[in-house]
Amino acid sequence: QKEVEQDPGPLSVPEGAIVSLNCTYSNSAFQYFMWYRQYSRKGPELLMYTYSSGNKEDGRFTAQVDKSSKYISLFIRDSQPSDSATYLCAMRGGSGGYQKVTFGTGTKLQVIP
Amino acid sequence: NAGVTQTPKFQVLKTGQSMTLQCAQDMNHNSMYWYRQDPGMGLRLIYYSASEGTTDKGEVPNGYNVSRLNKREFSLRLESAAPSQTSVYFCASSEGWATPSNQPQHFGDGTRLSIL
Chain A
13 QKEVEQDPGP
23 LSVPEGAIVS
33 LNCTYSNSAF
43 QYFMWYRQYS
53 RKGPELLMYT
63 YSSGNKEDGR
73 FTAQVDKSSK
83 YISLFIRDSQ
93 PSDSATYLCA
103 MRGGSGGYQK
113 VTFGTGTKLQ
123 VIP
Chain B
143 NAGVTQTPKF
153 QVLKTGQSMT
163 LQCAQDMNHN
173 SMYWYRQDPG
183 MGLRLIYYSA
193 SEGTTDKGEV
203 PNGYNVSRLN
213 KREFSLRLES
223 AAPSQTSVYF
233 CASSEGWATP
243 SNQPQHFGDG
253 TRLSIL
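Same order as they appear, the protein sequences are chains A and B. Residues in the first sequence are numbered from 13 upward in steps of one, following this note's numbering. Residues in the second sequence are numbered from 143 upward in steps of one, following this note's numbering.
Derived from the structure by calculation, the hints contain no laboratory data. Be a bit skeptical, because a hint or two may be false.
Okay, the calculated bits of chain A under chain B, using three or more residues with CB under 8 Å as the criterion [unchecked claim]:
(1) 44-56
(2) 114-122
Below 20 Å or equal to it, Euclidean Cα-Cα: the simulated PhoX-like pairs (lysine-lysine) are [said to hold, decoys possible]:
(3) A:K79 with A:K54
(4) B:K151 with A:K54
(5) A:K14 with A:K112
(6) A:K79 with A:K14
(7) A:K112 with A:K82
(8) A:K112 with B:K199
Computed, partial: chain A to chain B, Cβ under 8 Å [unchecked claim]:
(9) Y83
(10) A102
(11) R104
The C-beta atom is built at its ideal place from N, Cα and C for all residues, glycine as well.
Kindly generate the complete structure, drawing on both the sequences and the hints.
Here's what the structure looks like:
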């Protein structure tokens, strides 16, 4: 079983819809939770990170962490065709120096105009 | 502002050949990383450099070596390429080791490497 599970999609939604992207994880030591966006044939870009449980909002994006359920979500409001990309969740935690970042395999999102 | 620059963008090698992937960042970041991305596997860390002068193994270091040439540059070398090393390679950087910045923040656009 992978430490981080993410539905690969693809997920197709009409423009303006609210998008919900999710990941589950098994390692209770994870404390930092990240979302990256990756356009086709480009490198990932860090969208948001949150520490521990709770919500964090940045413009049209909201990241949500539920540590009790080991479940994280990224919500995109008023989705735009420019949001079409693959979204990677990632997480890290533990004690000591370098905390390994574990990535999900990504969910491909297509926003239809 | 270029961010993280990787060269080359594409490369085809024969089994047993060697090559070096180059990476440079212009953001004065302390930490740099090399990842590979394979279908269904997610990004996996090959090597990282917490700061200039230090390098450490990640999850999948076998068959690779790295050099942190200076604060800006971090290269990845394949000494004897194997078909299993066919992948997309990404270099990344982050401000440094202090949380919450201890995760890759900026990625290059990747090197697509095929080993025949």
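Consistency of the hints with the structure:
Check result for the stretch 44-56 of chain A against chain B: holds, 6 residues qualifying (beta carbon to beta carbon below 8 Å, three or more required). Note: the stretch 114-122 of chain A has 5 residues with beta-carbon separation from chain B under 8 Å; the three-residue rule is met and the coverage holds. Proximity of K79 (chain A) to K54 (chain A) is assessed by CA-CA distance (about 31 Å); at most 20 Å being required, the pair is judged violated. Taking the CA atoms of K151 (chain B) and K54 (chain A), the gap is near 11 Å; set against the 20 Å cutoff, the hint holds.
Taken as a hint, the K14 (chain A) and K112 (chain A) pair is honoured in the structure, with Cα atoms around 14 Å apart against an allowance of 20 Å. Of the pairs offered as hints, the one joining K79 (chain A) and K14 (chain A) holds, with about 17 Å between alpha carbons and a cut-off of 20 Å not exceeded. Using a Cα cut-off of 20 Å, the hinted pair K112 (chain A) and K82 (chain A) holds, with the two alpha carbons roughly 18 Å apart. Between K112 (chain A) and K199 (chain B) the CA atoms are separated by roughly 11 Å; this keeps the pair inside 20 Å, and the hint holds.
At its closest, the beta carbon of Y83 (chain A) sits 18 Å from a beta carbon of chain B; the interface hint therefore is violated under the 8 Å criterion. Proximity of A102 (chain A) to chain B holds as hinted, the smallest CB-CB distance being about 7 Å (cut-off 8 Å). For R104 (chain A), the interface hint holds, the least distance from its beta-carbon to any beta-carbon of chain B being 6 Å, beneath 8 Å.
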